[in-house]
Amino acid sequence: MKIDKRQRDGATVLDLQGKITIGEGDVALREAVHEAVGAGATNILLNMARVRTIDSSGVGELVAAYTTVTNRGGKLGLFGLPRRVLGVLQITQLVTVLDISKDEDEAAASLS
Amino acid sequence: MKIDKRQRDGATVLDLQGKITIGEGDVALREAVHEAVGAGATNILLNMARVRTIDSSGVGELVAAYTTVTNRGGKLGLFGLPRRVLGVLQITQLVTVLDISKDEDEAAASLS
Amino acid sequence: MSSPVPQTIQLRVGSRYENIELVQAVLDEVLEPLEIDEESSYWMGIALREALTNAMKHGNKLNPEKRVEVGLEVTADAIDILVQDEGSGFDPAAVEDPLAPDNLLKTQGRGIFYMRKFMDKIEYDFGAGGGTKVRLHKKFGGPSVDVEGDQGGAE
Amino acid sequence: MSSPVPQTIQLRVGSRYENIELVQAVLDEVLEPLEIDEESSYWMGIALREALTNAMKHGNKLNPEKRVEVGLEVTADAIDILVQDEGSGFDPAAVEDPLAPDNLLKTQGRGIFYMRKFMDKIEYDFGAGGGTKVRLHKKFGGPSVDVEGDQGGAE
Ligand SMILES: Nc1ncnc2c1ncn2[C@@H]1O[C@H](COP(=O)(O)OP(=O)(O)O)[C@@H](O)[C@H]1O
Ligand SMILES: Nc1ncnc2c1ncn2[C@@H]1O[C@H](COP(=O)(O)OP(=O)(O)O)[C@@H](O)[C@H]1O
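Line by line, the protein sequences give chains D, Z, V and E. Just so you know, we're using the working numbering here: the first sequence kicks off at 1 and counts up by one. Just so you know, we're using the working numbering here: the second sequence kicks off at 1 and counts up by one. Just so you know, we're using the working numbering here: the third sequence kicks off at 1 and counts up by one. Just so you know, we're using the working numbering here: the fourth sequence kicks off at 1 and counts up by one.
The set of hints was computed from the structure by calculation and includes no laboratory data. Warning: the hint list may mix true and false statements.
Stated by the list, open to error - Label pairs and their in silico Cβ distance ranges:
(1) Ala-109(D) / Glu-38(E): 25 to 31 Å
(2) Asp-9(Z) / Arg-50(D): 49 to 55 Å
(3) Glu-32(E) / Pro-101(V): 18 to 24 Å
(4) Glu-38(E) / Thr-42(Z): 36 to 42 Å
(5) Arg-6(D) / Arg-8(Z): 56 to 62 Å
(6) Lys-61(V) / Asp-77(E): 44 to 50 Å
(7) Gly-142(V) / Arg-72(D): 44 to 50 Å
(8) Pro-101(V) / Asp-77(E): 51 to 57 Å
To be verified - Below, computed lysine-lysine pairings styled on PhoX-like, alpha-carbon distance capped at 20 Å:
(9) Lys-106(V) / Lys-75(D)
(10) Lys-75(Z) / Lys-106(E)
(11) Lys-57(V) / Lys-106(V)
(12) Lys-106(V) / Lys-121(V)
(13) Lys-19(D) / Lys-121(V)
(14) Lys-61(V) / Lys-121(V)
(15) Lys-57(E) / Lys-138(E)
(16) Lys-102(Z) / Lys-75(Z)
(17) Lys-5(D) / Lys-19(D)
From the three backbone atoms N, C-alpha and C, an ideal C-beta is built for every residue, glycine too.
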C-alpha cells in the first residue's frame, strides 16, 4: 500500500492507495496513523477512494486507528469508500461506529 | 489465439494474435491453414507480429504448415517475428528452412 | 477454451503472508475460464484470504516451515475451497460474535464471520493428527453478498 | 514486501493443457517479488510449459484423473522446478537430436531440447514406483538465452 500525507483545515489527511490486507497494508496503515499522531495530529481523515480491497486485519487496523485517535480526544474520519470496502464495514456493523463521509469536503466539515 | 484471414497479391495472409501453444493456439493454427488450403490457397503468409509466445507444439505446427503448403507446390512465408519467437526458431535451426521475412512487403515479394 | 471442470487443484505453501497473494492468483486462474461474475469472485477471494490468514497465523503460528494445504474443488456449479494447517485446532463454537456490543470495537475476531457471509457454507473439521481443516462452499450464480451503499469511490 | 525466500511451493493439477496457464501464473507470482528480469522469467516459463506438456501428454497420456505434481524450490539465487507425472518413464538417452537433418522438419521432438537451452541444467529421475520426475535448474542473473535477431514485431 502507498500512503501520502497532507494537511487540510487543521486535520491530517492520509491518502491510501492499494490493499489494506494482512502483512502489508495493515502494518503500513498502523505506522502512518502512529506517525501522524506522534507528529501532533489530533484529527485524521483517511481517504479510502483508492483502497482496492480490505480484509479483517485491515478492518482491525481501522478500528485500532479509531481508538487511538479518539482516546486522545481527536476525530478519525473516513471518506470516499469504494462500494466493496464500505460493504465489509457494513457487514460487521462498523458503519454505526466509524465516522464515514461521502467525500473529502463532507469529512472535513464533520470535524468541526 | 485469434486468427484473421485476408488476401494480398494472390496469397492468403493469416494475421495471428496470441499464443501458439499446446491445446489452444497450435490447434487454431492448424485449422486455419487447412481451411485456407481447402479453399484453394497456394501461397500462405503468416503474420507473426502479434504472436506473444510459442512453444515446441507451436513450432511443430509451423513445420506442419510448411510441409502441407510446400507439398502442394505452394509457399509458406512468415513475417514480423517478435524477437523471442524468432529466437525459438533459431535455436532449433528452423530459420535455415522456413521462409522468414522482416515485414509483409518483403514476404509478399518473396513469393514471386 | 473449454472450462476444465470438474477438477481439483492442490497447492501447498509455507506460512508467510506473501503467499496469500499467490494462492489468490491461483483461485483467479481457476475461476477465470468459468466466467464467474467478478463480484462473486471478489468475495470468494476475500473468504479465501481469511481462511489462509487463520491457517498461517493461528494454526501454524507463522512458522514458515509449517505448510498450508489448499484444495480447490471446482465443478460447473460450485466451488469448495479447502484450507488445512498443521496447528492444534480450536473450538469454533467458542468464537465470540463480533457484532456483540462488547466486541464491536475489538481489533480482531471478524475473519470467520466474514467467511460465513461471503460463502454459502463453511465447515470445520479437526483431524485426529491435529490441524484445522476448513471447507468453504459456494454455489455459482447464487445470491451475492448484500452490500448496500456506494460512495462512488474507485473500484 | 520482503521476498519470501527460500521457500518451496507445491502444486498438483490434473492432466489438462488448460492447467499449464495456471501453473505458469504461479511461477510468475513466485518470481515477481524476486525481481528476476523479465527475459529470464520468460524463458523459464517456456521451459516449465514444455515439462508440463510432456508430463501430461507422454507421462499421463492426457488422462485428466492422473496428476502432475509441480515443485518450485526458490532461493535468492536460483530456482529448481520439479515436474512429476504418473506415467511409465522413458529413456532420455534414446531421444533423438532435433537438429539432425532427418529430424529438422519433424513436427515433434523439440521439447526437451528447448528445456535444456532455456535452463542451466535439467535432470531426469525415474522412481521405483514409476513416473517421470524432471528437475529444471536455473541460477538467477546468469547468462540469458542467446537469441540473436529482431524483426521489430510486437513483444
Ligand atoms: N486455523 C485455526 N487454528 C487455530 N485457531 C483458529 C484457527 N482459525 C481461527 N482460530 C481461532 O478463532 C478465533 C477467531 O478467528 P477469526 O474470526 O478469524 O478472527 P481473528 O483471526 O481476527 O481472531 C481466532 O482468534 C483463533 O483463536
Ligand atoms: N514425461 C515423459 N514421460 C514419458 N515419455 C516422455 C516424457 N517426456 C518426454 N518423453 C519422451 O521423449 C520424447 C521427446 O520429448 P520432447 O523432446 O519433449 O518432444 P515431443 O514431446 O515433441 O515428442 C517424447 O516423444 C516422449 O517419447
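Verification of the supplied hints:
1. Ala-109(D) / Glu-38(E): 25 to 31 Å: violated, 48 Å
2. Asp-9(Z) / Arg-50(D): 49 to 55 Å: holds, 52 Å
3. Glu-32(E) / Pro-101(V): 18 to 24 Å: violated, 43 Å
4. Glu-38(E) / Thr-42(Z): 36 to 42 Å: holds, 40 Å
5. Arg-6(D) / Arg-8(Z): 56 to 62 Å: Hint holds: Cβ distance 58 Å, inside 56 to 62 Å.
6. Lys-61(V) / Asp-77(E): 44 to 50 Å: violated, 28 Å
7. Gly-142(V) / Arg-72(D): 44 to 50 Å: Holds, since Gly-142(V) and Arg-72(D) (Cβ atoms, about 45 Å apart) stay within the stated range.
8. Pro-101(V) / Asp-77(E): 51 to 57 Å: holds, 54 Å
9. Lys-106(V) / Lys-75(D): Holds. Lys-106(V) to Lys-75(D) sits at ~18 Å (cutoff 20 Å).
10. Lys-75(Z) / Lys-106(E): holds, 18 Å
11. Lys-57(V) / Lys-106(V): holds, 18 Å
12. Lys-106(V) / Lys-121(V): violated, 25 Å
13. Lys-19(D) / Lys-121(V): Distance ~26 Å between Lys-19(D) and Lys-121(V) Cα, so the pair is violated.
14. Lys-61(V) / Lys-121(V): violated, 26 Å
15. Lys-57(E) / Lys-138(E): Distance of about 24 Å is beyond 20 Å: violated.
16. Lys-102(Z) / Lys-75(Z): holds, 16 Å
17. Lys-5(D) / Lys-19(D): holds, 17 Å
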